[in-house]
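Let's have the full structure, built from the sequences with the hints guiding it.
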Amino acid sequence: MDAMNAIRETFFQECDEQLGELETGLLSMVEGAGDAETVNAVFRAVHSIKGGAGAFKLKTLVKFAHGFETTLDKIRNGQLSPDSAVLKTMLRAADLLADLVREARSGSTGDDARLDELLADLQSHLADTAPTATLREDSNPFEALGFQPLALCLDDDASPDNPDTPSDSEYVITFMPKPELYTSGNETTRLLRELCRLGDAQVECIDTELPLIADIDPEGAYLTWRIKLRSKEDLAAIKAVFEFVDDDCTLDISIITPLSTTADDPVNLESGAERVVDFPNQKLGEQQGAASIAGANDLRALHTSASVLTPGASSKAGVDAIKAEAAANSNAQQSTIRVDLDRVDRLINLVGELVINQAMLSQRVHEAGFGIVPSVSAGLDDLEHLTRDIQESVMAIRAQPVRQLFQRMSRIVREVADATGKSVRLKTEGENAEVDRTVIERLADPLTHMIRNAVDHGLESPEVRLAAGKPEQGEVRLSAAHKSGRVVIEVCDDGAGIDRSRVKSIAIRKGLIPADAQLTDSELDNLLFLPGFSTAESVSSISGRGVGMDVVKRSIQALGGRISISSQPGRGSTFSMSLPLTLAVLDGMVVKVADQTLVIPLTSILETLKPKPSEVHGLGPDSHVIGIRGGFTPLIDVAVALGFRTTRSDPLSGVTLLVETGEGVRGALIVDAIQDQRQVVIKSLEANYGHVDGIAAATILGDGRIALILDADAIVSAVSRNNYPNEALLAIG
Amino acid sequence: MSEMGLLASDNAREFITFRIGSQYFCIDILCVREIRGWTPATALPRAPRFVRGVINLRGIVLPVVDLAERFGFAPAEPTPRNVIIVAQTSRQVVGLLVDAVSDIVVVAKDRLQPTPDVGSDAAKAFVEGVMAIEDRLVSLVSLETLMPCAKGEAA
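These protein sequence lines are chains A and B, in that order. No gaps in the numbering here: position 373 of the first sequence is 373 in the numbering used here, and each next residue is one more. No gaps in the numbering here: position 14 of the second sequence is 14 in the numbering used here, and each next residue is one more.
Treat the hints as calculated values from the structure; they're not laboratory data. Positions of the beta carbon are idealized from the N, C-alpha and C atoms, including for glycine. One or more hints might be untrue.
Subject to a maximum C-alpha distance of 20 Å in a straight line, what follows is the list of computed SDA-like cross-link-like pairs (lysine to any residue) [to be verified]:
1. A:LYS232 / A:ASP252
2. A:LYS592 / B:ARG46
3. A:LYS592 / B:ALA43
4. A:LYS59 / A:GLU103
5. A:LYS88 / A:GLY627
6. A:LYS228 / A:GLU243
Computed footprint of chain A on chain B; a stretch qualifies when at least three of its residues, placed anywhere within it, have a C-beta under 8 Å from a C-beta of chain A [unchecked claim]:
7. 55-63
8. 88-101
And the structure:
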């Protein structure tokens with residue numbers, strides 16, 4: 001079943017892309033920028049999801065996608081004008097579709113009531129449409145290959161909306177493959193077998209077009225098949241059989257008589273069966289030789305009459321959709337490939353090795369005295385450039401634009417705006433900025449929270465906004481931009497800004513700061529990041545989920561990022577996050593501690609300093625604090641904390657790094673010397689050994705040896721747990 | 001029966017034998033990924049004494065276990081002549097620091113005897129069985145019990 005699972009996985013990946021397209025399309029329609037191609041793209045997205053879902057027998061998904069598609073089709077052919085009410089329903093439908101896809105992926109079942117309600121809503125929009133659904137059909141479907149959307153009336157009759165009343169229908173399918181069908185590797189036998197599986201089928205081969213043997217082009221296609229099929233399946237199911245060869249054959253499907261299969265009418269069934277008797281009863285393997293010219297002529301006649309009978313130009317709209325989709329797919333295939341993440345990661349690892357190896361080689365060449373030879377040193381320089389280029393290109397493979405992440409946020413904004421009764425517009429900028437996939441994945445939760453906060457707490461209610469002379473509709477701006485090797489993501493609202501006096505009173509009430517504390521505006525703003533702080537007076541279902549900005553800050557820091565706030569009363573607030581482009585490398589300071597080389601992540605270092613004797617104070621028998629800017633920060637000897645040394649070194653002999661943990665606790669780390677500042681490749685220590693307290697990971701230095709990356713958070717927290725004074729409070733007080 | 005014949009009969013196992021001090025040990029050759037010379041290891045904080053640290057094995061962070069120390073002998077004073085056997089256990093890859101690798105032997109399965117009861121805890125914990133090869137006692141090392149469950153790993 002592995003192959004099947006892989007296909008299923010691919011389907012869901014494609015669904016994600018289609019959902020993204022769908023949302024982008026709908027949003028641009030909301031903006032009023034939706035031309036015919038946008039509507040088509042939206043239709044295609046839903047149609048593709050429906051098609052794939054059908055293949056995996058995801059009934060709920062098919063049912064909803066079908067209802068959705070039907071309404072979209074009306075918009076597509078101009079019967080329903082996409083006004084704001086309709087588009088609102090569409091966006092909600094897109095959200096539900098995304099939910100359904102997710103449910104189908106995880107195998108859970110969701111809220112049927114919501115589904116039915118939305119389907120009813122979609123239906124209600126349909127009712128508004130002009131009763132022009134009975135379109136006349138064009139007898140030649142190929143004249144209509146130019147875009148002329150028509151309703152799939154048949155789908156409504158035989159749609160899965162009423163799956164309990166299946167009735168046998170009799171179809172006549174004329175299938176005339178073109179040479180392209182064979183050259184693209186399709187096989188008629190397989191298609192015919194597929195058809196036979198749908199019901200009772202009688203297959204006949206028409207070989208009238210077959211030329212004399214001398215004139216035969218061995219790669220030509222001369223045979224036509226006519227299939228008489230009695231089946232419970234609807235037209236869409238039959239068309240689905242030919243879905244992949246639609247471009248490469250002439251296909252005509254017509255319904256002769258829908259037969260009743262009700263138990264009290266067996267005669268009808270009988271006569272239905274009778275009707276097919278006069279067709280030569282042939283087996284698939286024998287078709288080619290056995291067709292008679294007389295039979296073929298009969299068929300000709302039947303074919304023409306059948307075409308006339310074809311209701312609602314059955315396949316035109318579908319043909320268009322599938323063709324357009326095929327075109328879109330072939331474009332996509334040219335520009336992207338799907339690659340297993342493991343393979344990419346392996347490549348990244350290998351390139352990391354290459355970089356280290358190149359550094360080692362260059363060091364050894366210089367040690368051996370060859371470095372002064374111009375040709376050798378030029379070669380080494382080229383090699384270095386090349387390896388850097390390769391490394392950057394490989395890292396770029398893992399990078400993804402933040403667009404999908406931003407698209408998800410527009411849904412959050414809609415939901416929160418609906419729940420709070422606010423009118424909000426989300427403006428996104430820099431969606432093309434690329435960041436490592438893992439960073440994007442782990443950014444989703446904190447960003448969702450910040451967007452919720454911005455709408456729920458940041459923006460005022462419409463009345464307040466109007467009273468303040470602002471437009472009724474609030475704006476949340478989400479932007480991404482590359483700045484000096486990092487990506488900066490900003491969440492900006494044009495709300496009331498942070499109410500600093502309220503922040504202060506809450507902080508005092510919760511005992512986070514002393515009542516007489518004098519704080520600057522920015523210090524007040526940063527109180528929002530303290531654990532246990534929430535300005536929401538009432539815990540609403542949107543923001544008050546027990547997660548505060550402290551959790552957001554911690555998640556960002558876990559990613560090696562930093563977050564800051566700026567706020568202007570009455571004008572709004574901006575949360576700005578600076579994140580690394582990748583998690584595979586980090587910028588670190590290389591330090592010496594008790595003859596060991598350690599790397600300390602730059603993101604946790606606030607500053608480095610050489611303590612003066614007057615700043616260091618003893619506190620208790622064997623601990624010291626350092627007085628910086630009016631506060632006292634515990635001095636931590638890294639060598640002792642890691643057990644490399646048992647006796648504390650003189651705090652004045654080394655260098656001190658001031659670090660801050662995710663909780664805002666500061667510590668001053670004493671190291672012996674600072675060696676270098678460089679980018680290092682992160683290696684797991686857990687894979688073959690296990691977690692070591694105080695160590696985040698390992699890396700390989702230029703000399704090929706392993707250096708450990710310090711977990712500054714863990715070191716400082718471990719010390720502060722040992723009853724050190726809480727620096728956060730002292731510094732503020 | 002010839003060695004190849006013995007192996008083909010599915011009745012035998014192939015071992016790599018190595019020396020620690022004056023005693024001989026072996027592990028199943030199927031567990032051995034490679035054998036390499038000693039390179040200085042980076043010490044790990046708060047690691048057990050027998051974990052010499054980690055080395056860079058082509059980009060993999062490889063912990064090195066001093067088998068002498070682990071078995072309760074005097075800890076090794078590694079020189080470039082010492083050897084690290086890179087072995088694959090069910091959970092991880094680990095480097096075993098030994099004095100020298102001596103041989104590859106094919107042994108019929110029935111020649112493996114249970115560990116004699118000798119009171120030494122280390123012997124009981126790390127030796128799966130013993131066998132006699134060319135008048136020498138060779139102990140089969142149990143790889144799975146060598147590495148401690150590091151803190152946090154169980155969680």
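Worksheet item: Which of the numbered hints are not met once you compare them with the structure shown?
Response: 5
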